[in-house]
Amino acid sequence: MCVPAANPIAMKCGVFLTFVASALALAGAADAGVSVWFVEGEKPVSVVRNGTTIESAVRQLIAGPTPAERSRGLRSAVPRGTPLLSVTASRRIVTVDLGARFAAGRDAKALRGRVGQLVRTVRGIPGVLAVRVLLDGGVPVGLFPGYDLRRPVTAAVEPVHQQTTMRDVQRQLVDLGFMAPSGLTGTLDTQTSTAVLGFQKWANLSRDGSLGESTVAALERATRPEPRFRAPGRRIEVQLRRQLALLIQDNKVVRAVHISSGAGGKTPTGSFRVYRKERYSWSVPFKVWLPWASYFTGGVAFHEFGSVPTYAASHGCVRVNHYDAEMLFGFAETGTPVSVFDEAAV
Amino acid sequence: MTSHAAVRALVGGIGVVAFLVVGAIVTALVLVALGLPAESRADDTPPTPAPIVEPRPTELVVALTLGDPVLQAGAVRDGQVILARGLEVDIARDLARRLGIPRVRFVYVRPASRLLAAKVRPWHITIASIRPVRAASAVADLSEPYLGTDQAVVLRRGLPRLTALGDLQDKVTCALRGSDGARAIAAAVRPAVRPILAPSNDRLLQLVQTGACDAAVVPAGTVGRFVIDRGGLLGPVTARVELGGGYVVAVTRGGPIAVAEVDRALERMRMDGTMHRLARAWLGIDPARLRALR
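Chains as they are written, first to last, in my numbering: chain A, 1 to 346; chain B, 1 to 294.
Any given hint could turn out to be false.
To be verified - Here are the computed lysine to any residue pairs in the SDA-like style, where the Cα-Cα straight-line distance is at most 25 angstroms:
#1 A/Lys43 to A/Glu220
#2 A/Lys109 to B/Gly166
#3 A/Lys252 to B/Gly166
#4 A/Lys43 to B/Gly231
#5 A/Lys43 to B/Gly232
Said to hold, decoys possible - What the simulated footprint calls covered on chain B by chain A, stretch by stretch (three residues with Cβ under 8 angstroms from a Cβ of chain A suffice, anywhere in the stretch; the number is not a length):
#6 146-159
#7 210-221
Stated by the list, open to error - Chain B is nowhere near these chain A residues, computed Cβ spacing over 12 angstroms in every case:
#8 Ser35
#9 Val47
#10 Arg92
#11 Ile93
#12 Pro268
Since the hints were made in silico from the structure, they are not lab data. Beta carbons: idealized from backbone N, C-alpha and C, even for Gly.
Using the sequences plus the hints, can you model the full thing?
Listed below in structure tokens is the structure:
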């Protein structure tokens, strides 16, 4: 592939050239400066610096963020004071030779992060196809997790949360117990949104069912919900504040289900047992069929309902969406203990 | 007096046994005086030259394969490892010191199969996660293991510590597909619940983090880094399932280093806490100190 002539390190196709990068005049890029990459949290962030050469970009990367940038939360995984031994370019592959200090430390994330910063910074310069990293003139082998630096690198390894696909998110929701394995579809559908809502309730995030950055980040660090009480066997905890039902087997939450309980505290709190189950239950006062109904006190039951909002909205029953209703009905055998409580009160 | 008569006199005087003992001593003394080994006198062959003992090297040459950030990694220039680090690197350095060799030079050997297959091995020892399999022992002298290959058990959060192997039987166990951990589950745990076999380490640890799996069975040598990477998202590394065996140092035959010396040095490293310190530093935990589940 030919490089546009305006490219700062343009070379004719097939012509092999090697030259010191500091000699490269980044014509046209001089006014714009160079982009140097740091991180904010785990997110790569670029800042523009004065400079016209690859070498100046790498030097400014090593120098790290300015105090003002630091106060904005920008950080660098590149050790300050790392010697820059040489920068050369050949066939649009830039070789950066750094001192051994570049490999200092044992933290895998930091080691991976600094190579990512270097690759982004150098690759950001127009015309650069790949970056070869050397340490004291030697080829790093195994020093930087996630990178095989025995050959030139064309792209930085993305932080884990930026690699997340919809299927990854769904798998995480299934693993955590917020969704049935049948929900692994690879697309953001209503079943996934419902599971996301359940997770958001558990993690005390804003309840919108969408996969925003905070939800995805929280999912990555999430562990399985823990029951409030410990008791052997099969039971259900209904957490009114979170609007969640936890289906528990021997103190392990097997499923966490997004629910909507009685508005204005109409669902009674206390310890009950499932005493009646009906595949279709006719609600006399409200004249409506309630599919998959499991009654646990008086006329209060878990049942499927078309509308399961993020807040307490029913007349006292515990509404469950279409995706979870049959599963909950199967779990809640007659005699299964049900604890209904306001988390703030227990 | 003829010799026959003398013998008879001796037999009569001190007995056959005493005669034989004295005879043997006299023979040995004569041989020592002549400087000949006993067997050479019998067939009158020329004396065998004394074995050439290679002088102690001033530099221990260690072959590495690199590639593992924790066990051994580095930078390579012209086949020499100019920057080496990792648990196995530190063990090699400590070994050299204990063997009285002032310097260590690391050479990079790729592919790893060359370590044992190469006809010429211009290195004294190899330390590269070698298992004492027949192919290895056929071409090199193998030390005692410096790092066990037992499997560690990492629990999901909220589970109580295990006290016996039987505690795992009703749990959802998981391991890397095709790994020693998977074999340990099948052979030692024999779970009542079907185990989950993960395609990657990331997935495996995610399963434990999310509670989809109650207990992951992973190599004890690598479990520490996973737990550290995942912060408090996992439960404790609770114990290990014994499989026996481990990684050994391969000592090049005919070289100046004897495997017995290496074994003694490794034993001293274990006894004085060096191995524990290195394991803690590089692996996060010392697998040898995990309680074995039975």
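Tested hints:
1. Restraint check for lysine 43 of chain A and glutamate 220 of chain A: the C-alpha separation of about 15 angstroms stays at or below 25 angstroms, so the hint holds.
2. Proximity of lysine 109 of chain A to glycine 166 of chain B is assessed by CA-CA distance (about 37 angstroms); at most 25 angstroms being required, the pair is judged violated.
3. Annotation: proposed proximity of lysine 252 of chain A to glycine 166 of chain B holds, straight-line Cα distance about 19 angstroms (limit 25 angstroms).
4. Between lysine 43 of chain A and glycine 231 of chain B the CA atoms are separated by roughly 19 angstroms; this keeps the pair inside 25 angstroms, and the hint holds.
5. Restraint check: the Cα-Cα separation between lysine 43 of chain A and glycine 232 of chain B comes to about 22 angstroms, which is no more than 25 angstroms; the hinted pair holds.
6. Given a C-beta distance limit of less than 8 angstroms, the hint that chain A covers the stretch 146-159 of chain B holds, as 3 residues qualify and 3 suffice.
7. With a cut-off of 8 angstroms between beta carbons, the stretch 210-221 of chain B has 4 residues touching chain A; three or more are needed, and the interface restraint holds.
8. Here serine 35 of chain A stays apart from chain B, with its beta-carbon at least about 27 angstroms from theirs, past the 12 angstroms limit.
9. No beta-carbon of chain B is positioned within 12 angstroms of the beta-carbon of valine 47 of chain A; the least distance is around 29 angstroms.
10. Separation of arginine 92 of chain A from chain B is adequate, the least Cβ-Cβ distance of about 24 angstroms exceeding the 12 angstroms criterion.
11. Non-interface status of isoleucine 93 of chain A relative to chain B is upheld: no Cβ of that chain comes within 12 angstroms, the nearest being about 18 angstroms off.
12. Look at proline 268 of chain A: its CB is around 29 angstroms from the nearest CB on chain B, clear of 12 angstroms, so calling it non-interface holds up.
When each numbered hint is compared with the structure, a violation occurs for hint 2 only.
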